[in-house]
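J.: Read top to bottom, the protein sequences are chains A and B.
Residue 386 in this note's numbering is what sits at position 97 of the first sequence, and the numbering runs on without skipping anything.
Residue 449 in this note's numbering is what sits at position 367 of the second sequence, and the numbering runs on without skipping anything.
No lab work stands behind these hints: they were computed from the structure.
Please read all numbers here as calculations on a predicted model, not as lab measurements.
We put the CB at the ideal spot given by N, CA and C, even for glycine.
Check the hints yourself; a few may be wrong.
[Claimed, not checked] Across the chosen pairs, the derived CB separations fall in these ranges:
| no. | chain 1 | residue 1 | chain 2 | residue 2 | range |
| --- | --- | --- | --- | --- | --- |
| 1 | A | GLU475 | B | GLU145 | 42 to 50 Å |
| 2 | B | ALA323 | A | GLY542 | 51 to 59 Å |
| 3 | A | PRO327 | B | ILE291 | 26 to 34 Å |
| 4 | B | ASP301 | A | GLU660 | 37 to 45 Å |
[Said to hold, decoys possible] Computed footprint of chain A on chain B; a stretch qualifies when at least three of its residues, placed anywhere within it, have a C-beta under 8 Å from a C-beta of chain A:
| no. | stretch |
| --- | --- |
| 5 | 183 to 197 |
| 6 | 428 to 436 |
| 7 | 507 to 521 |
| 8 | 537 to 547 |
What follows is each chain in one-letter form.
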Amino acid sequence: MTTTKREKSLIVIQLTGGNDYLNTVVPYEEGKYYDSRPAINIPQDKVIPVDGRYGFNPSMGPIKALWDEGKVAVINGIGYENPNRSHFRSMDIWHTAEPDAIGKEGWLGRAIRDLDPQSENVLTGINFGRGLPRALACPGVSVASVGDLDTYGLFPDVQDEELRRFTLEAFSRMYGGAAGRDPVMEFLGQTGQDALQGADILRTAPAMYSSTVEYAPDALSQNIKSISQVFHAGLGARVLYTQHGPQFDTHSGQLATHAKLWGELSGAVSCLMDDLKEHGTEDDASILVFSEFGRRIQDNGSGSDHGSAGVAFMIGGAVNGGMYGEYPSLAEAEQVEGDLRSNNDFRSVYTGILEDWLELDAVPIVNGQFEKFDIFTS
Amino acid sequence: MISNDTDLMAHLLRRAGFGANRNELEEYLAMGYDGAVETLLNPSDPRNMPDDLIRRYHVDQSELRDLPGSAAYWMYRMISTACPMEEKTALFWHGLFATGYAKLNQARSLLNQVEMFRRSGLGSFEDLLVELSKDPAMIVWLDNNENHGSAINENYGRELLELFSMGIGNYTEDDIKECARAFTGWTLGNAEYMAIRAAKDSIWPYGRIAWHFDYRDEDHDDGEKTFLGETGRFNGEDIIAIIVKQEATARFVASRLFQFFAADEITEAGEKIIEEMMATYFSSGYQIRDMLRTLFHSEYFQSEEARFARVKSPVEMVVGAVRMAGNYQNPYLGIEGVSNTMFYMGQGLLRPPTVEGWHEGAEWIDSGALVERVNFVAKELSDVSSPGVRSIIDRLEAGGDQGVLQPSDLADGCLDLLGPIQVSDETRSVLVEYASRLGDLDLNGHQPGDQAEQRVGAMLRLVAATREYQLA
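Okay, chain A solo, but in the shape it has when bound:
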């Protein structure tokens, strides 16, 4: 089942709610930053400097350590023209790579279709969390959505092990039987068996994995641990997706919430990188971290409102660490309605990932040609 040469996988962490760019990568040399944010600034002496002008949020210590190893690419000023400040719409835009019309297919759903055109592996794409993000949705593409790897499957609420086994057996027989002439019943039967099969394979993942890394108990860390388990089980998973939030929507009480979220995220990513190193797979997985938008420059007294340009990260052993793109100016003349103006189209990052990492043709997936950064070591 395992292949000798492991194929490259993409791990995506979606920051839901609109991550505040300015307090993630802090322009601590700029007076305008402190003037605009009397209530929620990060004091200069608390910032973790990275390049003399910009520094990380104090809760990002573990990310800084990875930065020092050259494994963190910071993609500045990311977004799209005519920013939309609705969470849902903007997330849809990121998911479908379609800023103007309403897109129908997710960019990663398309990527999964191209990675596995014959749908040979029901586990090519996996979401860790409930419901399917639109990024992964594409007609004819089967993507497993795993709420909890330990109880994933049918009838998770049945506590009695024996009863659950009998029930699953009965389910398997009911869905396995010939359906007769009805194509819908046939399809339901096939899908039911796929679901059982996916669950059976996924259930083996934790047993096939051992590691000295101890993930924290928070939800994100546990999802990242599940990602590591499935990735290392050699099941052929190429796109593994999860989300963190939605508390990134920090309209109030921002400093504490944002620090907690980034503390969890930094810890989880750092654990995953240790885990990959321990398994000798550091160069086989790359992590994309993104959010639907950044937040307003001016604070609102205890938080910040929806903004536009944001920051994305690409993290991994095969990543050329460093700053990419320009940090947008805070000067009033450069702003777009009180927000940072994006100068990097998010589809250029997608293009880089698709072409240089997953080795796919990006144009039909992102609907166009976009210049890309050289983020990956060849």
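Position chain B against the provided structure of chain A, taking the given hints into account.
T.: This is chain B only, laid out in the frame that chain A set:
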């Protein structure tokens, strides 16, 4: 035989409602089939959960500002209404005239649109299209506030013809432009400001404000227009009057009603009914209620062919199971978790993915969605503390031989009381074998949650997990 009547009534209520428990079925059976059809088609007092009660528990359902609370609010209505056809009709139009929260950032206007569907959804299609064209949520959703006499925006004009009435191939690009011209000036009160607020997702300074329709004569293009071969200085109402006269419109409306209320696939027999519904459309002056009456009284609808001929939508799946179990008849703080389940299954209320609405039928099913569907209904219907399940247990006891049920009685009884559901011989034999594991079931002296009741719960769980239960 009375059971045949019961099967037919259950079928009607799965289509004109969200299914029915045995008590409800008996009430409808007492009206007779024709009486039941009339009762369903003429909604009176819905006796749904009252707003003042809801607001006592859910602050977010008072302002109806955000998506999750507003979706749950509509779901409460579906769960607790005594007029299920009213909600089913609103759901039908919500899927057809699909308007979504994503662009609006405005749940109250969206719920106002749903209320409009309740009010006008069974009346004249002409009136409905006029109301739709004046609906503020629709105006913003399809940019008609950007459709000006000096510069048209075709978005609404195009979708009105393509997705809401005739369907592609029945008009030209010029017709679209002329249609758009006729709807110039149909906008919102304070449109520019409201559009900025929506794009900025701003709740300041007054919270979310429900929009209202405004007709701006000075922004309306009053010139001559030629639309579908007719020429005149048409306004929006005139365009709609021309649209509803078209045979393509009659076919479109009849087919969509048929697929939602009768069967996913249109067979030859179904095609005949669609033609009958089209005839009713014209003879009744475009009345939706009359078209549905034609459908429900047709031999086809009442035949075996139409039974279980639809894949349940996620909303039908969730609301149907909750109503059957008798749950959430009072506010429950975790209610958003329940309505979110529909979204996980692929159908979030108030958030259709695009203006095309949801892809229905077998497209509801993929492995992730199927796991969610089975797990939700299996859990809901196996909980022996739920009032609806308790009532099933009592009926099983009464139907047994002095409270004792053989395995086949248990399986058949559960199939009957959750539907009646028709299953294949193979499915039934698995169910009976499963019931046989612990021999005969003695329900005498059963106590809440005891082992005898748990056996019923386990049986109901498996029945809810059948392939057949996925169908309506």
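J.: Please write out, lowest number first, the hints stated earlier that are contradicted by the structure.
T.: Structure breaks no hint.
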